[in-house]
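Visitor: Could you build all of it, start to finish, from the sequences and the hints given here?
Protein chains in written order, with our numbering: chain A, 1464 to 1775; chain B, 468 to 812; chain C, 95 to 406.
No lab work stands behind these hints, which were simulated from the structure alone. Hints should not be assumed to be uniformly reliable.
Said to hold, decoys possible - BS3-like mimics (lysine-lysine), calculated; alpha carbons at most 30 Å apart, straight line: (1) A:Lys-1470 - C:Lys-206; (2) B:Lys-559 - C:Lys-206; (3) A:Lys-1633 - A:Lys-1558; (4) B:Lys-568 - C:Lys-206; (5) B:Lys-625 - B:Lys-602; (6) B:Lys-602 - B:Lys-568; (7) B:Lys-602 - B:Lys-678; (8) B:Lys-625 - B:Lys-568; (9) B:Lys-602 - B:Lys-559; (10) B:Lys-678 - B:Lys-568; (11) B:Lys-678 - B:Lys-603; (12) C:Lys-116 - A:Lys-1669.
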Amino acid sequence: MFSFILKRVLASIPTLLVVYTVTFAIAHLTPGSPWDSASANRPMEPAAKAALDAKYNLDAPLHIQYVGYLWGAVQGDLGPSFRDPTQSVTDIVKKFLPTSLALGSMAIALAIVMGLLLGVLAALTRSRALETAILFFCTFCVSLPTYIITAVLIVTLGVGLGLVPTFGWKGLFSTSAIVPVVSLALAPMAAIARYCRNCVLEVMHKDFVRSARAKGVKRGRIIAVHILRNAIIPVVTVAGSYASSVLVGSFFVESIAGVPGFGRYFVLAVSARDYPVIIATTLVYAVIVVLCNLLVDIAHFIIDPRTREDVR
Amino acid sequence: MSELLKQIGETTNNAGARLGDTILEARDLHVIFGTGVRAVDGINLKIYRGETLGVVGESGCGKSTLGRTLCMLEAPTGGSVALNGLPISDMKGSSLREARKSLQMVFQDPYSSLDPRQRAGEIIGEPLLLAGVDKKQRQSRVNELLDLVSIGASGYAKFPREFSGGQRQRIGIARSLAANPEIIICDEPVSALDVSVQAQIVNLLVSLQRKLNLTYVFISHDLAVVRQMADRVAVMYLGRIVELADADKIFAAPRHPYTAALLSAVPRMPTSSAKRKPISLPGDPPSPMHLPPGCRFQARCWLRQKLGSPDVCSAVDPMLSGTGDHQAACHFQEHVDAQRGAQNA
Amino acid sequence: MTIVPSIQRRGVSLLPTSIRSKPGLAVAIAFLVLIVVVAASASFLPYDAYRQDLLHRNSPPSWNHILGTDELGRDMLARLAIGARVSLVVAVTSTVAAVLIGIAVGAIAGYKRGWIDSVCMRFVDSMYAFPDTLFAILIAGVVKGQLSQSSTDFFSPITALYKMSGGLFGVFLTLSFTSWLVCARIVRAEVIILRSAEYVAAARLAGASDLFVMRRHILPNCLPVIIVAATFVVPSAILLEAGLSFLGVGVDPPTPSWGAMIASGVRSMQSYPHLLITPAIAVGLTLLSINVVGDALREHFDPSFRRGGEAS
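Guide: See below:
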């Protein structure tokens, strides 16, 4: 188990390096210096520009910047923010990431619970109409962009019914969290429900379930012991693949609902060409994606004994 | 070692004296996969013009890999293959494609061996297309071939899915004949077919051999079919040839305990003179990644048990030896036939 | 060349029966046809999408303006129609480009294997650590920055194209560059299976070169999975285009695009909900229809999807 985790962790290092390199290249391909956009109407003195470049090490050759930034990042120093010189990027991550993570975890938990329920219900119900309705609802949720869901929820629940605030954030356990959590949860919920239904249907026709049924094992027990345990594996994979993007918070949901999260900050940073923030956000994202994949692998390792043989 | 190899070379030469010249020769052929599996582990083999060499063995013994390596579909990791004296294992690219034209293959699976998106005529005509034959000649040649394998010209425009398994195999055979090959490697050509269809395909192969003077390497796990087809038989076990002899000799009096066990498993007519109890082999073959020292068959060898587990079996890896037309890789090959008789006493 | 007839044959035999058994599919196809017709006939509508009428701003649906007018008094139906053209053209062209890139990379990696395969797939896997929206935003930022600047070097024809298309070309580049990953993966997996097919061995024995095998046997047999890949790429391209325009890094104003219309709808959703609802419904229904059609295509072409239609 330990060597398995160690191997996966080591294998993710090149991935992170590629992500860093690509992001670094993209950030520095953007023409113009960050100081241009900060004050577009009155161009900065060349001397002041040079001083700023020197201060933030932007006058160094690219490969020095590349290594230098990476070295800092490994030690937890993500550099200064150009847009807001009063705080470092590490501060910004510390300030905005927890909100997004809390929001995301809540959403993914909701998605898993509801997805499993809907999926099992769709697979086991004897009502054709209910099954069709659930499946259609799922296709619907997968199809709709999150920003439309958010906007529609705000218009109906907030503007129309006045149940939730239309903008702003008062913490995870307030009515202001309802819209962002639900908007983030719907797409993964639908995906989980669809996978879960397919798996349950598939498992139900496997020989061991048939023989259990033939032996007279009760329906509830068959579902709990045989079907769900086998259906959970792909559900974990789907949940994992969605978790990373949901956990860091959606740019759209946070922007529309006014959640002071990481995703919203990223959008602001892109338009301000705030290199360190862009690179840092991307790296944080990549680390979270890699961590989620790792968790999925470990979950597989625990749930499904067959995958253990792959570990040589 | 090299002494021994030379000797083997000479003796097989003697054995083949009554047949034609050597058309295909493998020398010390090795195929080791990336996973460490030794699929082909040192095979020396000569195939003579006009003969049918049967290759038999359990699934996983490397017989299919041997077939694919003989026509360089699989690159050997050691040793060489020569076709009509040309070292095709040293060739690459277009020179290999040119040199190998007289060598074709008939495959096991009549479903995956034909491209589902092409019509029978296009499939059979592909070798001709590649040889640069123009369209008109190609069509007439394909129709000839369709007649030759008893499909008929009506099959030209049909897709593989419109044919039965046996008909598909006929199309595969027609394709292999298109380029006028001298030698055809048949990799389990009938094992995916119904028994009734098997006989038809075997008969077709035999009659084609006579008509076109073909040489066959006939790979199969089915001893009954091999007995019907083959002039000589090579028995493979874990990547090695453990017995190589004329077909009638090997079936009458095997000289390797493994061959004896295989033969005893073939169902016979009750009228057959020698009624024998099947010899069962305990366990599975050892992993081809971790072979024991000594004879690779020792753990499952009934003869070794009978002889009281002599040390030589676990110490010395036996090489092919024996008289020219009958060789076996067993330290006690003279005892095999007698002991298998005693098995039932 | 041999591909086209066989696909048509399959298509013709497939569609009528599937439609008859699935009313939802028929509705979805009808809706997509409607959208295409509306997009194609946008120029014949009574109002011009760009003409402002400041006396009738934000007016609700009426007989004059069936879908109302926006905050500058422009006809919503006309803008929606032009927006459909923008979205569809960008989605389809970038899907074609992404599929071509994916085929090239996937086919070479899957056929050659060895170090080329390792390098390509290592890269593709690493790119998966970027959430696609984030990557698209990054690329779009660079493309926009790079192309909107008047440059004299070899970029100038591209810059001209970019300006002529109202930013559309930038979105096209972004989408093609972010969507090829999934296609490369799918094609590679299929090529690895197909290259070991016995008919490929037979062709090689008959003297076929790699190129011949690829053209005549492997690529035609990849067609079903390529279609499956495209059914994933098209909706995500529409989604991404709308998302980029929503964030302001996509199509430039005043070119109408569904995403930009939703963005301005969100800004005034509290007072004029129709400005949000109309484009939201258009995007939602289009994506829903494409997904329904995509499910049907996947079910038909990919046996592993056959049971129940698991997807997205």
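Visitor: Now, for every hint given, state plainly whether the structure supports it.
Guide: The hints, checked one at a time:
1. A:Lys-1470 - C:Lys-206: 27 Å, holds
2. B:Lys-559 - C:Lys-206: 15 Å, holds
3. A:Lys-1633 - A:Lys-1558: 15 Å, holds
4. B:Lys-568 - C:Lys-206: Between Lys-568 (chain B) and Lys-206 (chain C) the Cα gap is close to 23 Å, so the pair holds against 30 Å.
5. B:Lys-625 - B:Lys-602: Cα-Cα ~18 Å, so holds.
6. B:Lys-602 - B:Lys-568: Answer holds: Lys-602 (chain B) to Lys-568 (chain B) is near 20 Å, not above 30 Å.
7. B:Lys-602 - B:Lys-678: 26 Å, holds
8. B:Lys-625 - B:Lys-568: 27 Å, holds
9. B:Lys-602 - B:Lys-559: 29 Å, holds
10. B:Lys-678 - B:Lys-568: 19 Å, holds
11. B:Lys-678 - B:Lys-603: At roughly 25 Å apart (the allowed maximum being 30 Å), Lys-603 (chain B) and Lys-678 (chain B) satisfy the hint.
12. C:Lys-116 - A:Lys-1669: 28 Å, holds
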